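Q: Below, each chain spelled out in residue letters.
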Amino acid sequence: MNDYYLNIIVMTCLWAALSGAWNLMAGYGGLVSLGQSAFFGIGAYATAVLYATYGFSPWVGLVAGVVLTTSTAVLISWPCFRLRGAFFSLATMVFPIVTEIIANNWTDVTRGFTGIAMNFKPGIENFMFQSRWAYVAAAFLLMLLVYGVTRWIHRGRLGLYLIAVRDDQDAAESMGVEPVRVKLLITMISAALTSLGGFLYAQYILFLDPPSVFSINISVQIALFSLIGGLGTPLGPIVGSLIMTPLDGLLSTVLGGGPRLLIYGAVLLGVVLLAPQGVVGTLQARWRK
Amino acid sequence: MNIRRALIASAALTCLWGPLHAQAQEAWKIGALYPLTGPLALLGGENLNGARIAVEMINQQGGVNGHKIELVTGDASTPDKAQSEAERLSSLENLKVITGTYSSGLSYAASQVVERRGGVYWETGGISDGLTKRGFKNYFRIVFTASQNGQLAANISREVIARQLGKDPKDLKMMVIHEDSDYGTSVAAAAEQRAKELGFKVASRVAYKATTTDLSPLVLRMKAEAPNIVIASSYANDALLIQRQMKQLGVNVDAFVGTGGIYGLSSFGEGLGNAVNGIFNTEGAATINTAALSPESAKQLADFKQRFEKAYGKTPSYVGTQGFVGTYVLLDNVLRKANSLDPDKVRAAAAAVDIPAGGTALGWGVKFAGEGDPMRGQNVRSFPVAQQWQGSKLVVVSPDKMKTASAILVPLPAWDKR
Amino acid sequence: MLAILPQLLVSGVLIGGVYALLSIGLTLIFGVLRVVNFAQGEFIMLAMFGAFWANALLGIDPYLSAIVVVPAIFMLGLLVERFVIQRILFAAHSMQIFATFGLSVLLQNLALTLWGPDYRSVTTAYTSLSYSFLGLSLSATSLFAFIAAIVMAAGLIGFLHFTRGGMALRAMVQNRYAASLMGVDTKRLNRLAFACGVACAAVCGCILTPMYYTFPTVGVDLIITGFVVVVLGGMGSVAGAVVGGLIIGIAQTLTGFYLSVEFKDVVALLLFIVILLVRPQGLFGRKGAEDLGMK
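If you read the protein sequences in the order shown, they are chains C, L and A.
For what it's worth, the numbering used here labels the leading residue of the first sequence as 82, then goes sequentially.
For what it's worth, the numbering used here labels the leading residue of the second sequence as 277, then goes sequentially.
For what it's worth, the numbering used here labels the leading residue of the third sequence as 658, then goes sequentially.
Treat the hints with care, since some could be wrong.
As the list claims (entries may be wrong) - Not everything, but these chain A residues come out facing chain C in the computed CB check (under 10 Å):
(1) Q664
(2) H750
(3) V888
(4) Y915
(5) E919
(6) I930
(7) P937
Claimed, not checked - When the alpha-carbon atoms are kept at most 27 Å apart in a straight line, the in silico DSSO-like pairs for lysine-lysine are as follows:
(8) L:K409 - C:K202
(9) L:K621 - L:K305
(10) C:K202 - L:K621
The set of hints was computed from the structure by calculation and includes no laboratory data.
Being a predicted model, the structure only gives us computed values, none of them experimental.
Just so you know, even glycine gets a beta-carbon here, dropped at the ideal spot from N, CA and C.
Kindly generate the complete structure, drawing on both the sequences and the hints.
A: Rendered as structure tokens:
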């Protein structure tokens, strides 16, 4: 199969995974984070820095990324959880900006604005592969992992607690649910999964610089896919990515430029206004009837 | 008799028909990857437009060895888009030769894909030094590097500015300001280093965020340090803000040297009116003294400008011209000699290119650093020139061979007189 | 170094006025509708383009063009409220956020498609003008922005506290249900409030046109500071927006000069984080206002 299509599959799975991680926080936890790109970028930089600057195998970077992001999640959650609604979202917007500034200025480690270009040396120990199929497998596995975690939460107690907290925090608290613990747990899981996505991105594209990985557009895109597919459902992010990623590629070739992003904005607006349940949600509602 | 005549006639016709028919060979497709959306769209688009004119001109001359050239464009607005578009062009459209990208970050991502697939990447605008330090065998960059630009700014500070001021560099205070992206930082760092080598008193190198809404702290710093010369690398809004706030806060300098980008665009001139005159700009230039160009290049440049204006309604800036020159050299010198799109042949032809200075519309020569050179693929005969805004237009003031006017307004008059 | 302090303070106050101008509309919309309008920057951008085209095509001074541009944006605000905002007023927060975010992306790229990415500028007699006062320089354009911010803020506060319409608005904000029982037409007030909020953005745009380049994504850069100011001052408080703007303006100018110019943009962020940690309702906000639970 042509490498171009394989590339689309890799990106579709990657976006589905990232979107799924966000879905855990926002769809189940009601925590609409607009700062996921902070975790994404940290995951990407962890592996890039350890590989390019210090010569460590990316597998080390993988673990480092997860550790870093979950600790960051703990750190930033504490001040943010006291806020609700749009305040929370605004607060989350700050973190990618801060991490981008750190990445830009800690030049010894991150090479600043120049970014890091990773040398392609294929081999399993470097998590770099000559064949695209390996990346397809990795991305697909990640997507499955996120889906699996989401389903497990969806059916389990954590999911129940989360939804209780999301819908009525005070009532949930009076029932004995600890909102902070529950929110923290989901944020850590989401952060770790997002960091894995960042890792895969870095290993695949082999180039990153602060503006591209900490960009608000990434945060918007992963939210958009969940929204379109169906917020708060395990399949939603996958469906959303399946629809949008190839479509985006197609639009690039046909339109390009302002008109393409115009359509993006219109789709986002349209989904929110007309089909807030997303594809999966609307279908599920139909089936129930 | 009639039948024989008819037979001869048809035989003759068939013989003629053969070569006539052979003229229409299949078109050669080349990829063109530029940022057409996002913050780089303005200049990315212009780079591409320059390339388009090159293709148009070549096609009108009959194409490359009879093959018409077709550009297949891709929108590379972010590194991952650049990557997937590069993938699309090389895998799906099966293009072996791809040009791009204007932005260094995007070039890194895209060329990496193309090199792995064995294709040729032809960079017409990205200037980050690192691009030609990767040892890629199929990556060719026709434009000069960011460091060269920064160094020139420092050089003309001595050769043109200090000389006209009648002072020695060690008696002149300099300040380098730059927006904090890769471009701004590389240029500024190179300028600072070279300036120090030349003996200037470099008071400081100050970075700032390009998107900031207010630069009065920066300008007040300038006021406090009172440099004679300021070298600046800016993005867009910041360039305008700096000048306006310098005027508002009464900060006068002897010379202000911009280093490409916004400082070479007409929007900068429009935003400042007469006050823009006297400001220097180091960059490539489409307006060098045509005496420095070979007669063919001079004609080519004029032709290009005319076509660009007709097609896009404005004078081409350096960015558009570099897209043109890069693509023209690819088509006319490299592909014509290679007579094929096969990457090995193209690479060999590129390595063999040997155009002397003055041989392209920008006054550059072309010779790519070869195998074994740490900067493999870099055109070592490209260089920036020093320009100055005079009469609300940019003219070239250095080096002497290329200049169209001499530097004026050194020292810059105080704001109220500009 | 201390000699320059008065000038720094003056410059800080003036840019603070610009920030206040950016934020007043935002805080108004939040105060009444409880919606964070992520597209506020785009309304500013549209007004800037309006002022630019009025100047480029008809030669009208940007400040004067406000006479036409502001009502036009007001009308646009009415439409947007009716078709977008009204529908998500009681929806989940995520929906509200994405509605205005989507609007923001849409408007940015509409501008990009229509007018291209070029940087446009308007140059008038006063674009680089500055006044001298007690040995200090005051940039004319910033001064006008400052004055406009104060006038607009005073006008709004006056309206909210001293007119019947204003009182109805405040009643509605305090208790929507009770207010509607008392005969307040909440739907109409919401629409007017939103349209007023974006009209404030339009005023801001016209005033900023002589200061900055006009281009499709100018709103994005400007509005981030707006959010910080609004949170600092207290969501929903017009006085807070002014005070917040001044604080940020002065803080940025001082850190930019004494510490590092790059750092000055971080200062706003740090203040943002500190405020969220220490006093999330902002300086002038009511405690608990940050809790948007729809109970």
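Q: Would you list, in rising numerical order, the hints stated earlier that this structure does not obey?
A: 1, 4
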